[in-house]
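K.L.:
Each chain is listed here by its residues.
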Amino acid sequence: MAVIETKKLTKYYGKDRGIIDVDISVDEGEIYGFIGPNGAGKSTTIRILLSLIYASSGTATIFGKDVVEYGPEIKKEIGYLPSEVFYYDNMRVKELLEYSASFYKKDCSKRIKELSEIMDLDLGKKIDDLSYGNKKKVGIVQGLIHEPKLIILDEPTGGLDPLMQQKFFELVHEENRKGATIFLSSHILSEVQRLCDRVAIIKDGKIIQVEKMSDLANSNYSQFKLTTTTPLPTGYFDIPGISDLETNSTHASFLFKGNINTVTKKLAELDLLSLFVEEPDLEEIFLHYYE
Amino acid sequence: MKALFWHELKQNRRTAIIWIISLTAVAVLYMSIFPAFADAADTVSKIYSQLPLAIRKAFNINFDPKFALASFYALTLGFTTLAAAIQAMNLGTASLSKEERGKTAEFLLSKPIKRSDIATAKLAAAAFVIAITNAVFITATWLIMTMVSKVSLSANVFLLMSFTLMFVQLFFVALGFLISATANKIKRVLSVSLVTVFSFYIIGMFDAVLGAKTVRYLTPFKFFDLIYIFKHGAYEWPYPAIEIVFVIAAVTAGYYFYNRRDISSI
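Residue numbers (the numbering used here), protein chains in the order written: chain X, 1 to 291; chain E, 1 to 266.
Since the hints were made in silico from the structure, they are not lab data. This structure is a prediction, so every number in the text was calculated from the model and none was measured. Take the hints with a grain of salt, since some may be wrong.
[Stated by the list, open to error] Using 16 Å as the maximum straight-line C-alpha spacing, the simulated EDC-like pairs for lysine to aspartate or glutamate come out as follows:
| id | chain 1 | residue 1 | chain 2 | residue 2 |
| --- | --- | --- | --- | --- |
| 1 | E | Lys103 | X | Asp128 |
| 2 | E | Lys114 | X | Asp66 |
| 3 | E | Lys114 | X | Glu69 |
| 4 | E | Lys2 | X | Asp89 |
| 5 | E | Lys98 | X | Asp89 |
| 6 | E | Lys114 | X | Glu73 |
| 7 | X | Lys7 | X | Glu30 |
All chains, full assembly: derive it from the sequences and hints.
P.N.:
Written out as structure tokens, the structure reads:
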């Protein structure tokens, strides 16, 4: 059964586009990435899932239940980390975490201790005195204290130093191993690349692609960069399979997908000064989608 | 819900204490000058009593010492009610909107709690603050009154007069709650409160233009005529009913809109 399922989910803010016909289906136990540039509709989708806002049309279910009708019930099993964390400034970290725990009918004191040790969080400090990164840590702990079955992370690593990011990813992996489903939105590809099993790409409010991470990485794209001794004839690389072509007299770079021999044959006719053939990173593949 | 209620009280604690102390202190201070007023009234009434009956009949001034005390207390209630209305309007307007302004709405609403339960807990906390305010205010004014005046008002009249402050407060809590539940982003609670409360107060001054009767239906500041209460030992129909209907309607509408509204994002 899908943990998260949306069908033709659409949201308009007045006349402004939020998201249009978003269909996603997140399976139990997977780490699902949701990637797109700022303003593409990632947060809108998440906010609908949490019934902070209501969809204009379409449906969204979590654990098979409608997110609006069964909102409070569903949220018992959701841990949510917003992209920007804000808490009651005059509270201490411990008070906030206990307040947060009070909404779940569970004893979370052990988890609070455990998680704050992992995240190196000082429980006695006032929220107001925390740095942005430390507030984020409070957010992470707060989102995980009740051992949720679904963890929703909206741009989770902003503000965390690399060491903390590492710890955070380990934590997420650990929760995943224990059976939690993870839904992670991000505009940072390496983050998604590292964590996710599948990824949905959203652009201008619409899902443009859903792929398995492994398929994306092995998509047979090759990145060519070359320099020649003599200027390249115009239109020399006008062959099928080439994209993102950039040339200026003696330089050329492009992405290629297809039978590699067609390119090497063309290259053999050139007097090359240098040649790099690399596996493109996801960034380049995504830029390809974004265009 | 219980946790939210206590959390809310804790958050409101400091402001509530300041309001309670200030309101009570102003009332107590003002009432403490009553002896001077009573003495003057005494002197005047002695002179007055020596005037011929015909003239006394023509003036028809009431020199009952109880009436003097009631009028003086009515005066005190008059301006403390205005301040208390601001306190109440602040409480109502801040209740739901402060989560969005403080950007904590995402935290609170991602918890397993119904929006209506959030609203209930916050309303209950506001009502609690109002109740404490009035309990302190009424106790303190009663004490000072027994200290400064030789005569005293009957408990019934005193309480009926004093409760008008709470009724005005409840009106503004309900109105503030409705605004809090519907408006998408309230930047400054105090500006909203001041404008609203003073608007209602000023409406009350337009009785010459709007007609004294019309005005009494329009603003809670005119629902209760304190001198009438003193004279009759009762509230004047139908104004308490208007108050109750308004409070129920505003709160119900508040719930309705809050349940259906998009929570504004960061």
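K.L.:
Against this structure, judge whether each hint is valid.
P.N.:
These are the hints, each one checked on the structure:
1. A threshold of 16 Å between alpha carbons decides the hint, and for E:Lys103 with X:Asp128 the separation of about 14 Å falls inside it, so the pair holds.
2. A threshold of 16 Å between alpha carbons decides the hint, and for E:Lys114 with X:Asp66 the separation of about 14 Å falls inside it, so the pair holds.
3. Taken as a hint, the E:Lys114 and X:Glu69 pair is honoured in the structure, with Cα atoms around 10 Å apart against an allowance of 16 Å.
4. Taking the CA atoms of E:Lys2 and X:Asp89, the gap is near 21 Å; set against the 16 Å cutoff, the hint is violated.
5. Using a Cα cut-off of 16 Å, the hinted pair E:Lys98 and X:Asp89 holds, with the two alpha carbons roughly 12 Å apart.
6. Under the criterion of a C-alpha separation no larger than 16 Å, the hint pairing E:Lys114 with X:Glu73 is consistent with the structure, at around 9 Å.
7. Between X:Lys7 and X:Glu30 the alpha-carbon distance is near 19 Å, which puts this suggested pair outside the 16 Å criterion.
Checked against the numbered hints above, the structure breaks hints 4, 7 and satisfies the rest.
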